[in-house]
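Enquirer: As a plain string of letters, each chain reads:
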Amino acid sequence: MSDAGAAVRPADIPRPPIWELGVAALVLVVVSVVYLASYIPGKPNTIPAYVLLAAASALVVAQLVLIGGLEHFSRRSFHQVGGWALVAYVVIGGMIEYVFLRNDTRGEELALLTWGLALFVVDVPLILGFSVARFQAADG
Amino acid sequence: MATAAHDAPAPPAEAERRGLQIVPRAGIPFAAAAIVGVIVAVALDSHWALNFFHVAGGGAWTTLDLFLGFVLGPIMGRLSLPARIELSMRLMPKLVLLIPTLVTLTLASGFQLAHDFGFLDSSYPRHGYIVASFVVVAIMAVIAIGYLEPANLAVLFELRKPQPDGEVIQKLMRRFLYTAGVTGALQVATLVIMTRLPT
Numbered sequence: 001m002s003d004a005g006a007a008v009r010p011a012d013i014p015r016p017p018i019w020e021l022g023v024a025a026l027v028l029v030v031v032s033v034v035y036l037a038s039y040i041p042g043k044p045n046t047i048p049a050y051v052l053l054a055a056a057s058a059l060v061v062a063q064l065v066l067i068g069g070l071e072h073f074s075r076r077s078f079h080q081v082g083g084w085a086l087v088a089y090v091v092i093g094g095m096i097e098y099v100f101l102r103n104d105t106r107g108e109e110l111a112l113l114t115w116g117l118a119l120f121v122v123d124v125p126l127i128l129g130f131s132v133a134r135f136q137a138a139d140g
Numbered sequence: 141m142a143t144a145a146h147d148a149p150a151p152p153a154e155a156e157r158r159g160l161q162i163v164p165r166a167g168i169p170f171a172a173a174a175i176v177g178v179i180v181a182v183a184l185d186s187h188w189a190l191n192f193f194h195v196a197g198g199g200a201w202t203t204l205d206l207f208l209g210f211v212l213g214p215i216m217g218r219l220s221l222p223a224r225i226e227l228s229m230r231l232m233p234k235l236v237l238l239i240p241t242l243v244t245l246t247l248a249s250g251f252q253l254a255h256d257f258g259f260l261d262s263s264y265p266r267h268g269y270i271v272a273s274f275v276v277v278a279i280m281a282v283i284a285i286g287y288l289e290p291a292n293l294a295v296l297f298e299l300r301k302p303q304p305d306g307e308v309i310q311k312l313m314r315r316f317l318y319t320a321g322v323t324g325a326l327q328v329a330t331l332v333i334m335t336r337l338p339t
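If you're matching them up, the sequences are chains Y and V in order. Quick note on numbering: this note's numbering labels position 78 of the first sequence as 78, and the sequence is numbered without any gaps. Numbers in this note's numbering are just positions in the second sequence, counted from 1, shifted up by 140.
Derived by calculation from the structure, the hints in this document are not laboratory data. Watch out, some of these pointers could steer you wrong.
Derived lysine to any residue pairs resembling SDA-like cross-links, with alpha carbons at most 25 Å apart [stated by the list, open to error]:
id, chain 1, residue 1, chain 2, residue 2
1, V, Lys234, V, Thr203
2, V, Lys234, V, Ile333
3, Y, Lys43, V, Asp256
4, V, Lys301, Y, Trp115
5, V, Lys234, V, Phe259
6, V, Lys301, Y, Pro14
7, Y, Lys43, V, Met232
8, V, Lys301, Y, His72
9, V, Lys301, Y, Lys43
10, Y, Lys43, Y, Val87
11, V, Lys234, V, Ala272
12, Y, Lys43, V, Ala166
13, V, Lys311, Y, Trp115
14, V, Lys234, V, Leu253
15, V, Lys234, Y, Val87
16, V, Lys311, Y, Val87
17, V, Lys301, V, Val211
18, Y, Lys43, V, Lys234
19, V, Lys301, V, Phe207
20, Y, Lys43, V, Lys311
21, V, Lys311, V, Ile175
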């Protein structure tokens, strides 16, 4: 770590818009799920869902890339919070998937809902991990 | 002199702050039992059990959001920083466990009930209300997961530091208070939608 990084309060270090990307991805996933669920049991036009989920996937990948490139960042805190949040959201996501399967959701709709759910399960721990780690002192 | 010292708000002791549990371990078995309970209810398709989880979970979630948004939120906004910190130290860890558990119970059981009663079917006469409930829940989920929960966790981690940054805590708690008010207002919309469904 450079002296400049050590002297600045963690909260004052300018960061790329990682949190904003995470919330944007979350909004896209939620909109896609609401869109698909509002047509049950009919078959909606799935193109909007593909577009929304592809955009959300791109935003999640962008978050990962940006987090990977951060300097003066507490990766230990990020992994601690993100890791436990991932465990919690795998349980929550698993329950939601179970309800979908239990209710005979099948085929393309199930694939799209599962894709959205997987993004949700990855995105939320990134948001939580980054939101905590950005205020922590960088690993020494 | 003695009175002034007695009246001054004492910040929470450092040892107490540093020993703060982000997620209260004692509550985990209860949360796990509730989650297992709703899984069993879905697996057995027991309407009584599903109704129980939906009504109890939804009632508690709605009440909690309304209380935080319209009662405790404004009170916290007027407290001194040390008092806010003290209250947050005791309140926020409980919310970290309680709110996601209540949300999961309510949504999982509600989705199953809506499926069983045919409410999800787009031919259901009040399907518009169901879609409206999806939208309201979606907005609440984004606010809770994108704003409230990160602020809550960041405040708790800040409090555990040897020297917490008061500016960071105030900024994050302001976010917490505003979003609690918004989710409280959205819960009123949920109540309107839910009471329209069976009538």
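Enquirer: None of the hints should be skipped; say for each whether it holds.
Expert: Hint check results:
1. V:Lys234 with V:Thr203: holds, 15 Å
2. V:Lys234 with V:Ile333: violated, 28 Å
3. Y:Lys43 with V:Asp256: Given that 25 Å is the threshold and the Cα spacing comes to 19 Å, the pair holds.
4. V:Lys301 with Y:Trp115: violated, 38 Å
5. V:Lys234 with V:Phe259: The given pair, whose Cα atoms are some 34 Å apart, is violated under the 25 Å limit.
6. V:Lys301 with Y:Pro14: At roughly 21 Å apart (the allowed maximum being 25 Å), Pro14 (chain Y) and Lys301 (chain V) satisfy the hint.
7. Y:Lys43 with V:Met232: violated, 42 Å
8. V:Lys301 with Y:His72: With Cα atoms ~18 Å apart, Lys301 (chain V) and His72 (chain Y) stay inside 25 Å; holds.
9. V:Lys301 with Y:Lys43: violated, 52 Å
10. Y:Lys43 with Y:Val87: violated, 33 Å
11. V:Lys234 with V:Ala272: violated, 30 Å
12. Y:Lys43 with V:Ala166: violated, 45 Å
13. V:Lys311 with Y:Trp115: violated, 35 Å
14. V:Lys234 with V:Leu253: violated, 28 Å
15. V:Lys234 with Y:Val87: holds, 18 Å
16. V:Lys311 with Y:Val87: violated, 28 Å
17. V:Lys301 with V:Val211: violated, 29 Å
18. Y:Lys43 with V:Lys234: Violated, because 41 Å separates the two Cα atoms, which is more than 25 Å.
19. V:Lys301 with V:Phe207: violated, 29 Å
20. Y:Lys43 with V:Lys311: Violated, at roughly 45 Å.
21. V:Lys311 with V:Ile175: With a Cα-Cα distance of about 34 Å, the restraint between Lys311 (chain V) and Ile175 (chain V) is violated, given a limit of 25 Å.
Comparing the model with each earlier hint shows violations of hints 2, 4, 5, 7, 9, 10, 11, 12, 13, 14, 16, 17, 18, 19, 20, 21; every other hint is respected.
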